[in-house]
Amino acid sequence: MGLGQPIADAFKLASKGWIIPFRSNVMLYLFGPFISFFISFSMWYLLPFESQVASFKWAVIWFLCLSSVNVYGVIVSGWASNSKYSMLGTMRGVAQVISYEISMGLLMLFPAVLGMSFEVYEIFSSQKWVWIAFVSYVALVSWSITMLAEVQRPPFDLAEGESELVSGYHVEYGGMGFTLLFLAEYGCLLLVGFMLVGLFFGALEEFSVVFFGLMAAWCSVWLRASVPRCRYDQLMMLSWKSLCPLGLGSVVLAMIMKISAGLG
Amino acid sequence: MNTVRIGFFVSVLLSMVFCWELAGVGMMTCLLYCLSLVLGYRGGSQFREKSSPYECGFEPIGGARSSFSLRFFLLAMVFMIFDVEVVLLFPAMAGMMMDFVPVSVYFQGFFFFLILLLLGLWFEWSEGSLEWL
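First to last, the protein sequences are chains R and U.
Residue numbers for the first sequence follow the UniProt record's numbering, so the first one is 1 and each next one is one higher.
Residue numbers for the second sequence follow the UniProt record's numbering, so the first one is 1 and each next one is one higher.
A hint or two may mislead.
Unchecked claim - Below 16 angstroms or equal to it, Euclidean Cα-Cα: the simulated EDC-like pairs (lysine to aspartate or glutamate) are: (1) R:Lys57 x R:Glu119; (2) R:Lys84 x R:Glu205; (3) R:Lys241 x U:Glu124; (4) R:Lys84 x R:Glu160; (5) R:Lys128 x R:Asp9; (6) R:Lys84 x U:Glu59; (7) R:Lys84 x U:Glu55; (8) R:Lys241 x U:Glu131; (9) R:Lys84 x R:Glu164; (10) R:Lys241 x U:Glu59; (11) R:Lys258 x U:Asp99; (12) R:Lys57 x R:Glu122.
These are computed hints drawn from the structure, not numbers from a lab.
Model the full structure from these sequences, guided by the hints.
Set out below in structure tokens:
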């Protein structure tokens, strides 16, 4: 009977106190969580649910743009709170997110080219006969790793490594600022799960998108329990020296597949 | 002139209606945030100890806005170049998807472009701007 727990948790968090840290930039300090939350929940517009007014034609580009802008939440909230820990966490987080953005952009083109559309619903429904996960297992794994790093989940949560930086860029936040930063992170995580299921497993009905997307998000929590945090230089090498060439290769692979299938 | 202006306003209004969800998210966030900021405010900078930045029990030494490692700056430069190139890929792919030209024709140009990207990556790799240690 733990169903009431999340709601009670939300009330507790909202009623917690907060302070303005000494010599912080007050406006930016207050604005940082707002940016993070707003951007991460604007991204949900691209999912093809019945409740949306319209299907979004450029959804993939929307996702790319907003997840690029999402880094400003980290920059603003970390820099403005005038703490060394949050500053270090910000620098790490920004470097990590921008490096993984390259491979994200490239790997996202793989399902987009195969589905011949930037519209999420069309990409989902183009996989009626075979899932893109079966077409290229490498692209699936690289995409999952990229997304884990992009939303800064373990084992890639170097920006908030508890053992060396106390909590990274949100160490000075309390109350609703902290809540919004965390909701933004979890909102991104769920969306990424839904995107994974949609782009690579072609879930078409709302129920299966939600169910398997939640399973993907659950897997990331599972990873948190089972995998240790990696080293920072390893993280960067993984992005630039493995995922980036793999992304370039998978774009070429997708185009070659299109041509050899006689669809071009 | 006037009709152009009216058309502009109509299109702005339409796009605002279309973006109702964004406005909803923004309003919800504002409401939640303002409410709890008012409810949970426990004093500003008048409490010196409480509002001092967290530093493991020390008095804070110096400011936090210090200089940082040049590695991060270099990485941001490399990112800039690559991101511009990746962003250039997207409109071209969009053109391909709209069936202006067959994929095979696009591929001839794109293969060259992607090879160029790969060569750039190789150059940065060999030059050592990707190394962290």
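Outcome of the hint check:
1. About 5 angstroms separates the Cα atoms of Lys57 of chain R and Glu119 of chain R, which keeps this hinted pair within 16 angstroms; it holds.
2. Using a Cα cut-off of 16 angstroms, the hinted pair Lys84 of chain R and Glu205 of chain R is violated, with the two alpha carbons roughly 47 angstroms apart.
3. For the given pair, Lys241 of chain R sits about 10 angstroms from Glu124 of chain U by alpha-carbon distance, which is consistent with the 16 angstroms threshold.
4. The suggested pairing of Lys84 of chain R with Glu160 of chain R holds, with an alpha-carbon distance near 13 angstroms, which does not exceed 16 angstroms.
5. A hinted pair counts as satisfied when its Cα atoms are at most 16 angstroms apart, and Lys128 of chain R with Asp9 of chain R does not qualify at roughly 41 angstroms.
6. Annotation: proposed proximity of Lys84 of chain R to Glu59 of chain U holds, straight-line Cα distance about 12 angstroms (limit 16 angstroms).
7. Restraint check for Lys84 of chain R and Glu55 of chain U: satisfied, since their Cα atoms lie roughly 8 angstroms apart, inside the 16 angstroms limit.
8. For a cut-off of 16 angstroms, the pair hint linking Lys241 of chain R to Glu131 of chain U stands: about 10 angstroms separates their Cα positions.
9. Restraint check for Lys84 of chain R and Glu164 of chain R: satisfied, since their Cα atoms lie roughly 12 angstroms apart, inside the 16 angstroms limit.
10. For the hint linking Lys241 of chain R to Glu59 of chain U, the alpha-carbon distance of about 42 angstroms lies beyond 16 angstroms, and the restraint is violated.
11. Distance check on the hinted pair: Lys258 of chain R and Asp99 of chain U sit about 13 angstroms apart at the alpha-carbon level, within 16 angstroms; holds.
12. Simply put, Lys57 of chain R and Glu122 of chain R have alpha-carbon atoms about 9 angstroms apart, close enough for the 16 angstroms limit, and the pair holds.
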